[in-house]
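Colleague: One letter stands for each residue in the lines below.
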Amino acid sequence: MSTFELYAALAAVLFAVGLYGFFVRQELVRKVVGLNIIGAAVFLLLIAIAYRNRGDFADPVPHAMVLTGIVVAVSATALALALARRIEDETGTRRLPEDEESS
Amino acid sequence: MSSPFEWLIFLPFAGGVITFLLPGKSRPWLALLLTVGTFAAAWWLASDVWREGPQGYALGGWEAPLGINLYADGLSALLLLTTSAVMTLASFYSLGYFSREAEASSWTEARAFVPLWLFLLGSLNALFVSRDLFNLYVALELLTIAGVALVALAGGATALRAGMRYLLAAFLASLLYLMGVALLYGEFGVLDLALIAEAAEGGTRAPVIALAFVFLGLGIKAALFPFHAWLPHAHASAPAPVSAVLSALVVKAAFYVILRLWVDVFADSVTAPAAQAAGALGAAGILWGSFQALREQRLKLVVAHSTVAQVGYLFLLFPLLTGVGEGAWRFDAWAGGVYHMMSHAFAKGALFLAAGTILYAYGNDQISAMRGLTRTLPITTVSFGIAGIALVGLPPSGSFIAKWMLLTATIESAQWWWAVVIGAGTLLSGAYVYRLVSAAFTPDTLPESIRPVPRVMEYASLILALTSLGLGLRAAEPFDLLEVGAPFSMIVAGVGT
Amino acid sequence: MIETGGWLPVSILATSGLVGIVIFFLDEPRHRTRNFLNIFAALAKIVLVAIAIGGYVEGEEYEARFAFVLEFDLLLRVDAVSLLFAGLSSVLWLLTTIYAIGYLEDSPHRSRFFGFFSICVTATMGIAFAGNLITFVLFYELLTIATYPLVVHRGSEEALAAGRTYLIYTLGGGTALLVGVVWLHTIAGPIEFGPGGVLEQAASGNSWELRVIFAVLIGSLGVKAALVPLHGWLPVAMVAPAPVSALLHAVAVVKAGAFGIVRVVHYVYGSDFADSLNLLLPLAIIASITIVFGSLRALAQDDIKRRLAFSTVSQLSYITLGVAIVGPIAAVGALVHLVHQGVMKVTLFFCAGNLAETLGIHNVSELDGVARRMPVTMTAFTIGGLGMIGLPPIAGFISKWHLGLGAMEADFAWVIVILATSSLLNAAYFFPPIYAAWFKTPQVEYPPAPGRLETSWMLLVPAAATALMSFLAGALAGVPYSPLDIAELVAEVVYPP
Amino acid sequence: MLEHGVDIVLAGSIAVVAWRVLLEPQLFRSMVLFIAMGLMLSLAWVRLAAPDIALAEAAIGAGLTGILLIRAAQTEAAQEAAAAAREAATSGWRRWFPGAGRIVSAAAALAFAAVLLVAVIDLPGEPIGLTEAAATEMEASGVEHPVTSVLLNFRAYDTWLEVGVLLLAAMGVLAIHRTYNLRSTRSEEHTMLVLTWLARIILPLAVLIAGYLYWSGTHQPGGAFQAGAILAAALVLMQLAGFRGVSGLSTLWLGAGLMLSFAAFLAVGFIGTFEGEFLRYRHATGELIILALELTIVVSTAVTLAALFAGAGSQSGDDSDAVRARTPPESL
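Respectively, the protein sequence lines represent chains A, L, Z and P. For what it's worth, our numbering labels the leading residue of the first sequence as 1, then goes sequentially. For what it's worth, our numbering labels the leading residue of the second sequence as 1, then goes sequentially. For what it's worth, our numbering labels the leading residue of the third sequence as 1, then goes sequentially. For what it's worth, our numbering labels the leading residue of the fourth sequence as 1, then goes sequentially.
Some hints here could point you the wrong way.
Here's a subset of chain P near chain L, in silico, CB distances under 8 Å, partners left out [claimed, not checked]:
1. Val6
2. Asp7
3. Ala133
4. Arg155
5. Leu161
6. Arg178
7. Phe278
Since the hints were made in silico from the structure, they are not lab data. Cβ coordinates follow ideal geometry from the N, Cα and C atoms, glycine included.
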């Protein structure tokens, strides 16, 4: 197993962990954490691919992508947390009611 | 600034910056001006495409694979035109919709709205001209964040919760898409769509799985059944112009990426069963969305559920494009699907604006409260009716032509089951449009007080509705434009390798 | 594009179409302007149609062709059968408009009413002049849409329910029609109507498919043509105001269905080809069943308008029957009945409206002695009723005579039995009201006439005029340019000697 | 082989910690674990020859995101019990099949992982990418660090839009709070003296580090986003210590700070069109322009991230009630 494969496999595992967390956790903050773990998985795969492609240096394009991805993720996370905060102000809870989902 | 690409990107984003920083009442007017300018740029690009064929543009002078290249064929040009046209009219509408709020030192929806609005326009433009997998991701992300912020603008628990659902779904979808992109990069080592198209031949499993991730993510963003649950409340609780644009354009943007990848890039990798599966989900969406629309009591929720149904039609395109066994792709299915996108954009825009007008005037949007609408808001009723016609796909709307094309493809490729779906969808949409129209015709137990509606709101939705009708009267030019760049090769002379 | 002669059909459509749009935007109280516009447009249309008739007989060709989408054109073309239909509709439009102005005096929403009314007539003209199937479908659906607001015009629960029934039937029919037409196109390419049929050359190979398509087409057109069992909407829709009933039963809607059947049999399939596919006998049988069934149901109705409605179901199928019998004489019978039935039935509905509007009479059982109070109305009613039965020299006789002759010629002797039975039944449901009105003594004291006339002249003149026309069309059937003359012209084209 | 062993241990620990993040019942501790995971990921990035990412992850991924989450978690504790009780009494089919949701979710997650594994194994093992292309063109980009050359020249358009995402998020947070600046956000009440003291020391230090990262980005790992994130962390610390930080900025200044970088890209892009294409800057002026753009990124990133932090944790604006009263009533 090469280093690339090891970390790519770790990406798959992290992806599953994050997804599971996103699905089963009801608190919004934890859902966001789940998404961030999924994000880490994606970044891991990209960096692993960059590592696989290294010549004098590792492939800089995935690196740039991951940097962008990290910034995007923190943006979305902050927005989600601000929303969660306001939902808490309005409704007193940080969960979403389930019955709205079906309608 | 000698290329329309530059203006398409520059104008809205510059407008977003300026309107965010500058105070003053001129802000909405500036937004309007810029949307009109964007329309002009889209027109420019479309005429270039029309005369010279597909256009390309290398940002920063860096050609693919290292740089990011832009690309526009007939499809992009039409969608850009649609986008700026709908947004221009919605901007007109917003002049009236937000006008009541005094622009003082305190926070107003109008002031927060304008820059977000222009950013949304910019990100739509960026998306429709992108030829780069990762650039598409960033554009989609811009779109999502702007969309969520605009939904939350309405305030109140419902809108906030709806925005939250939207954000969670879209965030997950983005990550799925990005995972797919990572795998594709791992497989092909490039991000440029044209280069991937050259390299992609099907075969190994990795690209197929990567595509599954990409399409799953985009399917969530396009509210494909069963990933649609986030859509109805998000679209229904946003401010009216936002609802209009979310349903008319933003959902279509995600679909556009699917279409682009499916048809232009990975035509050899996608299989007939996958196409049938996409069609089946689309069909389920048509039925489910329509049934929900029949059950809802609130006008905007009916319209929002109808979006789920109408998105379903778009996915019927995939099984129809190639037919069951044959390899040759079908222009009628392609054109029908894209034309449906356009026609629905105008019709749904008109419907949401009209619904917003009713909400504005009556203070609520219960269907039962729409009684006497023909007398209180006749122009809005007319726009409602016309947009309803377009939604059902009756002539002479653009959707009729779209349906005609899709039906032709269905029958010629001997996939009668999709014809049944289209027929059933037509009747179901007829039923929920009927609910609304008949409520409007029910006389006249008027509410005691009706908030006076600025004329510009009524006429904006009327013009949108009439456009969806106009698309049905003359389709020759749009169809000719659609043929530019199709059948598909994204490789443009001078750009790419 | 439009040839010099092409402006004529376009302007025939435009007279009502433009006026309709203008009327929508007229303020409600501007009655004079509206009435003037309406009547002016109706007169202009009659003049234009007259010019077209004259020109066509002289051998002029009028054709307007617009590129629509892909290989399809929108085609408006003047031919003999279209003139027959257009002549009927334009004359009746004028009379119905006058009648409606009188009938709706002081009722609300007249701008809306006359606006949609004009659109309906425009759609009817479009159906008449449609030169190919796609144009036909376009206007056929437009007619559906534009009629709905008229059916629900009163906004009562009953009217809305009727509107719902109407939409369910017609939208269902419209969807099926679309499927049928698209299907036919996939086999035979764009189909332009040609006398004697065009399919024998284009698509003779796929006889089973053609049979199924024929069934689909006739089934969907049969909704508007009220073929049993698809007639259910027609009696329900009689809750609409009398002018709307006139429109549904005589001027536009049911005629559009019957006319469509004429087009499909004679101008698409060709009656010989259709017969060779064994399609006409079943059609004749269905028509016969409808004739008898409609008459039987009419017998049992006390409500005058309901009785008339079932009478329409029955009478319309004379047209279908005539189409289904191979041979020029039967064709003449069918086509001339298209006109005659319209004129007679509109007379009857005008009279029913007069009775309801003036004396509040809705039922046959209330008619005793009413002729003394309203002699002109009842004279008109009598002429119409006797014409329906087929008494010479009123118009209905001419139709039945030709149908009978045609049946004999085609060795369909059983049709004579049907005709005889039907005439007896017609007599059975038309004689009692006529008898009661003239010879029974009134049960109640009728309120005295408001002025010198028994009711408003605007209600009286149209009824008298159409009654006179019914009489003259029969008595002067041999005169050049009479409906019979033109119908024979059509038959010559369809069955070249 | 020992090298490989390090990777295996690291990967295993990351997986375990990620799982613990999920399982940890107490939200606060879960967030701490999340930060720990981020730091371990930074190690992984270093192992994978991605020092830029390691810096960014430490500063943004683990650092700022972690602080954001921890701050969100602080107020959660009290509600946790009540919410858990509500969750126990869920409605619908979940009541009849209490474990079904979890089982289905677990199955779905595992399926995804399996499919991903298959795809990853299927990926070609040999290098396929743009390393060569970047190496060839780097000289023309104006900088000597490959990642920076991609970020700020070859794919500067993406970076611009990425700055746009960050900006939009800040605009969104402001819109959600119905405010234009953060002056109304809650100031910290329980400030510890040690924190104030720490802030005083850390701020100049942060400026120094940020400046170094910024400067070095042109030729070695480091760069504008990382520098901005370090500055943002310092600003957040100031905020926690009771200083005004970004909350002290007026509407205009805050707006200018947020917009600076995006607008700068726009201007550079605009000027580029006179030479050729949008965002074109080659060779001669390249390095200068990149440095200028990076400086704006440092400022904007710092302001934006700090603002996002203030916004995500803050109470809503003062006049929100007044605004809500004026919006159309809703009928749900």
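Colleague: Work down the list of hints and note, for each, if the structure agrees.
Modeller: We went through each hint and held it up to the structure:
1. Val6: violated (23 Å)
2. Asp7: violated (19 Å)
3. Ala133: Since chain L brings a Cβ to about 5 Å from Ala133(P), closer than 8 Å, the hint holds.
4. Arg155: With a minimum Cβ separation of about 6 Å from chain L (threshold 8 Å), the hint on Arg155(P) holds.
5. Leu161: It holds, given that the least Cβ distance between Leu161(P) and chain L is near 4 Å, below 8 Å.
6. Arg178: holds (4 Å)
7. Phe278: Cβ of Phe278(P) sits 5 Å from chain L, so the hint holds.
Checked against the numbered hints above, the structure violates hints 1, 2; every other hint is satisfied.
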